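Take the given structure of chain L and dock chain V to it, following the hints.
Residues per chain, in single letters:
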Amino acid sequence: MSALLRHRLTWPVLALVLLLLLNQLFRADFLSVRIQDGHLYGSLIDILRNGAPTILIALGMTLVIASRGIDLSVGAVAAIAGAISCMYIYSSPDPSSWQTAAMGVTIAVVAGLALGLWNGFLVSVIGIQPIIATLVLMTAGRGLAQLVTDGQIISVSNDSYQAIGAGFFLGLPIAILIAAGAFGVAGLLTRRTALGTLIEAVGINPVASRLAGIDARTITWTVYVFSGLCAAVAGLMISSNVTAADANNAGLYIEMDAILAVVIGGTSLAGGRYSLVGTLVGALIIQTLTTTVYTLGVPPEATLVFKALVVIIVCLLQSSRARTLFRQRRRPVTEQSQVKVAI
Amino acid sequence: MSESTPVVDMKGISIAFPGVKALDGVDFRLFPGEVHALLGENGAGKSTLIKALTGVYAVDDGTITVLGARQSFGTPAEAQAAGISTVYQEVNLCPNLSVEENILLGREPRRRGGIHWRNVRRKAEEVLDQLQLGHIDPRSVLSSHSIAVQQLIAIARAMQVEARVLILDEPTSSLDADEVQQLFSVIRTLRDRGVAILFVSHFLEQVYEVSDRMTVLRNGRLVGEYLTADLPRMGLISKMIGKELDALAELEEAESRRQPDRAERTPFLQAEGLGRKGSVRDVTITVHAGEILGLAGLLGSGRTETARLLFGADRADQGRLSINGSVRTLRTPRSAIDRDIAFSSENRKEEGLISDLSVRDNLILAMQAGKGWWRRVPRSTQDQLAEQFIETLDIRPANKDALIRDLSGGNQQKVLLARWLITEPKLLILDEPTRGIDIGAKTQIQKLISGLASGGMSIVFISAELEEVLRLSDTIAVLKDRHMVADIPNDGVTMEDVMTVIAGTGA
Chain L
1 MSALLRHRLT WPVLALVLLL LLNQLFRADF LSVRIQDGHL YGSLIDILRN GAPTILIALG
61 MTLVIASRGI DLSVGAVAAI AGAISCMYIY SSPDPSSWQT AAMGVTIAVV AGLALGLWNG
121 FLVSVIGIQP IIATLVLMTA GRGLAQLVTD GQIISVSNDS YQAIGAGFFL GLPIAILIAA
181 GAFGVAGLLT RRTALGTLIE AVGINPVASR LAGIDARTIT WTVYVFSGLC AAVAGLMISS
241 NVTAADANNA GLYIEMDAIL AVVIGGTSLA GGRYSLVGTL VGALIIQTLT TTVYTLGVPP
301 EATLVFKALV VIIVCLLQSS RARTLFRQRR RPVTEQSQVK VAI
Chain V
1 MSESTPVVDM KGISIAFPGV KALDGVDFRL FPGEVHALLG ENGAGKSTLI KALTGVYAVD
61 DGTITVLGAR QSFGTPAEAQ AAGISTVYQE VNLCPNLSVE ENILLGREPR RRGGIHWRNV
121 RRKAEEVLDQ LQLGHIDPRS VLSSHSIAVQ QLIAIARAMQ VEARVLILDE PTSSLDADEV
181 QQLFSVIRTL RDRGVAILFV SHFLEQVYEV SDRMTVLRNG RLVGEYLTAD LPRMGLISKM
241 IGKELDALAE LEEAESRRQP DRAERTPFLQ AEGLGRKGSV RDVTITVHAG EILGLAGLLG
301 SGRTETARLL FGADRADQGR LSINGSVRTL RTPRSAIDRD IAFSSENRKE EGLISDLSVR
361 DNLILAMQAG KGWWRRVPRS TQDQLAEQFI ETLDIRPANK DALIRDLSGG NQQKVLLARW
421 LITEPKLLIL DEPTRGIDIG AKTQIQKLIS GLASGGMSIV FISAELEEVL RLSDTIAVLK
481 DRHMVADIPN DGVTMEDVMT VIAGTGA
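Chains L and V, in that order, are what the protein sequence lines are.
Residues 1 to 343 in the working numbering are what the first sequence spells out, letter by letter.
Residues 1 to 507 in the working numbering are what the second sequence spells out, letter by letter.
This is chain L alone, in the form it adopts within the complex (with noise of 0.2 Å):
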């Protein structure tokens, strides 16, 4: 039971089932799903596709807050994605074939890695520190999204691009199979590979890490182009799922969103050890929580307080000493507190 209290994943999980609890008391079909034309459909359905581009970033966000690192351009990465694709398919003579939004998301996929490129290097080998070195791209990525759709807001009709966001296969939203996919193909690759534990000996330690002889720039670099990768595709489902382009407003603040499921998740801001599966949780209960806003009937303008409340909550259960400094006015014996910070 205590080793059950201590794993790090026990508070988010009950956090997350806590407040689809909460949701059903107030919608009594909230957790059931029924099928509709062979598709499914439900709240949970929804959370989990409304959530998929978070989820994704969040992915990526993972293994670069792993390595010491962060990532602040992943949202103006995500509307550059969204705004070439969609400006290659507006302008393209054949706009509505499959064959154009491939075309689409190829090159917008590729913009995605070069921009991962980018921070990798300004990170790996210019050394500059990541806050800073994203900055940059969080910035003037807001600006090359604008340039691309020369200030509009570019709408497409294409099946095909759309599908990608709103589409279903096999009864499942196909941005669910596309989040789950990556989800399993980092899974694998970090953990059926060395490529996890090394990531996290760079976070832990890059000194000690490159005396090893860890080539602990390229694991750097490739930490960031995943995590531009992952936020080129999460552009494409939003683009896509309102089936346009809009520079401005595409993935604001998701970064915030991703940094914060990362931590939620259990993983700390300082690097080192991460879970994935953690930053699936959190991701989950801030997408929930966008729900939750609206299932209770939260007023508009209370929507941001209310979601900061119920963080605050859940990085307070997660904290061992804040758990400790409750317990100690209960119960006056010392337990052997923990030195560790808590996030």
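These are calculated hints, taken from the structure and not from any lab test.
Source: prediction; values computed, not measured.
Among these hints, one or two may not hold up.
Not close to chain L: a few residues of chain V, all C-beta gaps over 12 Å, as computed [claimed, not checked]: (1) Tyr88; (2) Asn119; (3) Met367.
Distance ranges between label pairs, derived from CB positions [said to hold, decoys possible]: (4) Leu18/L - Arg112/V: 20 to 30 Å; (5) Asp401/V - Leu317/L: 22 to 32 Å; (6) Asp383/V - Thr106/L: 39 to 49 Å; (7) Leu317/L - Glu424/V: 28 to 38 Å; (8) Ile126/L - Gly12/V: 48 to 58 Å; (9) Thr10/L - Asp338/V: 15 to 25 Å; (10) Asp401/V - Gly171/L: 51 to 61 Å; (11) Val305/L - Ser72/V: 36 to 46 Å; (12) Leu18/L - Arg110/V: 43 to 53 Å.
Ideal placement from N, C-alpha and C gives every residue a C-beta, glycine not left out.
Same frame as chain L, now just chain V:
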């Protein structure tokens, strides 16, 4: 030394970490005006006891009484407020602040809401003068001083709070003989003023020179408390390691080793005038297979810098390096490792350990790095290697899943050694592999080094202890003021001979 009331009285202290019982019912007393040495092997519980006293760890069981009042410090700050100051082995100051700022950090005299800088300087000068450190400019930046001076400044900081208890954890490990004497005179001054001093050191001569009383721990348990004058050195050692003296003597006996034949083969590594601007110069050495090359010299003479050049941790910009007969430029540690060179840094914490990973992950790290991230060392191989090296090197606790930060210094050192042994290097560079390690583990490591060389491995061995260098090395390269001054074959060379070279003006 009267049996007055103790300043600190710890009774029945127990602390457990996951998988380890670090302290088990330990009693400890500290009287005003005494220097009390805390002794024991690595992992005996010395650091844990200190951390319990200073509020870093909360105790699971037992009581701590300070100046007659029961205390349970939640943080080091609370302990400090109660008059207990600690100077740790690694200097815990802010290198980018000035000396005076460091001495008074957090306790700056204030005036009208701001810091009264003139008083800051006056107080800093006062305390520096008391410690006969008046020559240090309080305005100079801390990092501009040597580690030894920084250590003394850390003590000055501790004394500035009017501490009743001063804890010195391995304060001499990076000091040279003169600096040690300077430190001791400071310690004696403080003792005469009634400060209770808890002194932890691996150097037994120093313990006998400066302490009045000693407490010995072994495996987390109290062995006993003795007056220094009553316990002869050999008695102390046997109490520390819990073995009969015969067994110890046997362990100490160095194995006789086949002398490597220098003329026979091409040397494994050859450096000619190797150097780096601002680091070291004129490093000309030759290491054959199965040969141990010792690097001797004072602190700051360029020993570590030489090792870093040989390993590619720093890039050489002068001279030539050939490995196995062909000239190479080592740009990164990676390129050195690919040529079968390994380097164990003197700086365990910053340059060795991946603290949050397990013993197994740490052991396997260099091997995994060599294979690249794509080819993961299979879990079964990892487990097998971990178990094998935990057994051969007697790593305790024998738990491959324990986090390495929970191990004691000596055991961490063994893990780092094993990390390189797993990669089966042809040349192993060891920078202070025995520093801060107790006698038992030290002899084990010395034997291991000698055994590895017999097996054909080349070794570059660095140690501040000249005696150790002489005992192990086939050849001794002497460094002085950041350049190499001599290369002495070790056939009947005495300590005095080497010291003459170190002290001499020319070579």
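Quiz prompt | Structure versus earlier hints, numbers of those that do not hold, lowest first | solution = Of the numbered hints given earlier, those the structure breaks are 3, 4, 7, 9 and 10, listed in rising order.
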